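Spelled out from the first residue to the last, the chains are:
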Amino acid sequence: MRQIALASLLLSSSAWALPAQVESQISATSTSGAAAVDFRGTSPQVSNYSSTISGRSPGLWNDSLIASVSLTTAKNDYSTTSLTNEEGQSTPLSDRFHGAETSAEFGLEWKGGAHTASLSYGQMLTQASPYPYRAVSAGYNVGFFSNATVLGTNLSWARQEQPLSFHTDARDLRIRAKPLALRSERAELWLEQVLTERWKMQVKGIAGQRIEDRPLHLGGELRNAYALTDRLSARLDTGLLRERRGEALKDEKGYFTTYWGELQATYEVIYDLLLTASAGTTVEREEVPWSGAQNQVGTDTYGLKASYRGRSWTVNLSGKISRSNTSYRSRGIQGGFVWEI
Amino acid sequence: MAKHVLWIGLGLLLAGCASLESVDRSYVNQPAMELRDGNILGAPSPASGLRNMKKAGGGESCSVCAK
Chain A
1 MRQIALASLL LSSSAWALPA QVESQISATS TSGAAAVDFR GTSPQVSNYS
51 STISGRSPGL WNDSLIASVS LTTAKNDYST TSLTNEEGQS TPLSDRFHGA
101 ETSAEFGLEW KGGAHTASLS YGQMLTQASP YPYRAVSAGY NVGFFSNATV
151 LGTNLSWARQ EQPLSFHTDA RDLRIRAKPL ALRSERAELW LEQVLTERWK
201 MQVKGIAGQR IEDRPLHLGG ELRNAYALTD RLSARLDTGL LRERRGEALK
251 DEKGYFTTYW GELQATYEVI YDLLLTASAG TTVEREEVPW SGAQNQVGTD
301 TYGLKASYRG RSWTVNLSGK ISRSNTSYRS RGIQGGFVWE I
Chain B
342 MAKHVLWIGL GLLLAGCASL ESVDRSYVNQ PAMELRDGNI LGAPSPASGL
392 RNMKKAGGGE SCSVCAK
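Protein sequence lines, in the order shown, are assigned to chains A and B. Using the working numbering, you'd call the opening residue of the first sequence number 1 and step up by one each time. Using the working numbering, you'd call the opening residue of the second sequence number 342 and step up by one each time.
These aren't lab readings, by the way, just hints derived from the structure by calculation. Since the model is a prediction, treat every value here as computed from it, not as a measurement. Treat the hints with care, since some could be wrong.
For lysine to aspartate or glutamate, the following EDC-like pairs were computed, each having C-alpha atoms within a straight-line distance of at most 20 Å [claimed, not checked]:
1. A/Lys253 to A/Glu188
2. A/Lys111 to B/Asp378
3. A/Lys305 to B/Asp378
4. A/Lys111 to B/Glu375
5. A/Lys253 to B/Asp378
6. A/Lys178 to A/Asp230
7. A/Lys178 to A/Glu252
Example chain A residues on the side facing chain B (calculated, C-beta under 8 Å, incomplete) [as the list claims (entries may be wrong)]:
8. Lys200
9. Arg245
10. Arg323
Away from chain B, derived, C-beta distances all over 10 Å, residues of chain A [to be verified]:
11. Ile175
12. Thr299
13. Ser312
14. Val315
Ideal Cβ placement from N, Cα and C applies to all residues, glycine included.
If we strip away everything but chain A, and leave its shape as in the complex, we get (with noise of 0.2 Å):
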C-alpha cells in the first residue's frame, strides 16, 4: 500500500513537474544619430544584431529549484563610438575591433513556500571585445495573503572595462583620461499588491551608481495593470531617477534627471494569441553647473508585439521604433520561440 501511495506520488509530482525549456532570442537595432542637445554633424546610420540561446532546467528538488543558462552572440557596429587620444584625435572604435562578442549567464531560481530567491552571474567571453564585463544580481520576494501582497528586493553589481579614451574637462580644459574600468551597482526593493480582481499595482524604490564617472542616483518606479474585459488589458509604468546634486562631477556630463511614462494594451485576438501596442516617453534633463545650460532629451518609442503560446511551445515577434528632439532615432525587431522540453 505505501509503494503504491509513493508511486502515485512520484507520478503526480512528474506531471506536475516544471518542464525544462529551451529558447531562441534573434534581434537586430539599427541607430542613427547622437543623444547630444549641441550636437552639429550627421552620424550614420550603425546596426548591431545579437542573438541568444538559453536553457533552463526542468524543476530540481521537488521544483523548488531550477537552473539556467544563456549565450549571447552580438555583432556590433562601433564605427560611431569614437576614441579620443591625448592630442584630441578622435578615431572610430571600429578600427580595432569589428568582431562578434559572445557573453555567458547562469542563474539559479530557488522557490520554498511563499519564497523566492534568484541567483545570477555573467561575463563576457570574447577576450578580445573592447567591453567585456563580470555582472552579478540577487534577488528575493516573499507573498503574503496568497501572493496577493509581494515584497522583493533585487541587488545587482557590474564591472565593465571600456578602451582608453581621453575627455576635454570644460571646467579647467585640461584633457583627462576616463576611466579604464566602470563599476556599477542599483539596489530595488519594490511591493506588489492585487488591489481588486482586475487591477494590480507595483511601487518600486531604485537607487544605484556607476561609481567611477557618475554620482549616486534615487528614484521609483510605479507600474499599474488593468484588466479592462476578459480580454483586453492596460498597463501604465511611470518613474523617476535624480543624479545627487551634492557630489562632485566626474566626467564632462552635468547632473541629469529622468523621467518616463509608458502605456501598454494587450488583446487576446483568439485563444492564447496575444497582441500588445505600446507608446511610451523618456525625459532627460541635464544640468550643467559650469555653464548654467539645462539640456533636455525627449525620446518617443512605439511597439508591438504578438505571441502565440501552442501546446508545448511560444513564439513572439516584436518591434518598436524611437525618435528624439535631437537626431538620435532607433528601430529594433525581436522575434523568438521558446521550446518546453
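Mind docking chain B on chain A? Use the hints.
Same frame as chain A, now just chain B:
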C-alpha cells in the same frame, strides 16, 4: 504632497488586503498582467544611460551600459 501620496498608497494597500477574501483574482493572474518584467518598450535613455544600466540576467551585451 509626499504625505498625501503615502496616505493614498497605504489606503490602497489596506483596501487590497481587506478585500482579499472576496477577490476573484482570475484577471490579475493573466500573463498580460505580469508586472515584474519590464514592459515591451524598455525605452532607451540615450543621453544619460540611467535606465540602461546593466543587470545580470538580462541576456544582452553589456556594452550598451558604458555609453
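Pair hint outcome, A/Lys253 versus A/Glu188 [Cα-Cα no greater than 20 Å] | At roughly 25 Å apart (the allowed maximum being 20 Å), A/Glu188 and A/Lys253 break the hint.
Verdict on A/Val315 as a residue remote from chain B, using beta-carbon distances over 10 Å | holds (14 Å)
When the least beta-carbon distance from A/Lys200 to chain B is tested against 8 Å, hint result = holds (4 Å)
Close enough to count: is the Cβ of A/Arg245 nearer than 8 Å to one in chain B?
-> Not OK, violated: A/Arg245 not within 8 Å of chain B, min 14 Å.
Going straight from one Cα to the other, do A/Lys178 and A/Glu252 come out at no more than 20 Å?
-> With Cα atoms ~10 Å apart, A/Lys178 and A/Glu252 stay inside 20 Å; holds.
Distance restraint between A/Lys111 and B/Glu375, which requires alpha-carbon spacing of 20 Å or less | Roughly 18 Å between the alpha carbons, so the hint for A/Lys111 and B/Glu375 holds.
Reported absence of A/Thr299 from the contact zone with chain B (all CB gaps over 10 Å) = violated (6 Å)
Does B/Asp378 lie within 20 Å of A/Lys111 when you go C-alpha to C-alpha?
-> holds (18 Å)
Outside-interface status for A/Ile175 - nearest CB in chain B farther than 10 Å | The claim stands: A/Ile175 keeps its Cβ more than 10 Å from every Cβ of chain B (closest is about 20 Å).
Would you assess whether A/Ser312, listed as outside the interface, keeps its beta-carbon beyond 10 Å of every beta-carbon in chain B?
-> The claim stands: A/Ser312 keeps its Cβ more than 10 Å from every Cβ of chain B (closest is about 16 Å).
Given the hinted pair A/Lys305 and B/Asp378, is their alpha-carbon gap at most 20 Å?
-> This hinted pair holds, its Cα atoms lying about 15 Å apart.
Should the interface hint for A/Arg323 be scored as holding, given a Cβ-Cβ cut-off of 8 Å against chain B?
-> Hint violated; A/Arg323 Cβ to chain B Cβ min 11 Å, cut 8 Å.
The structure shown violates the earlier hints numbered 1, 5, 6, 9, 10 and 12.
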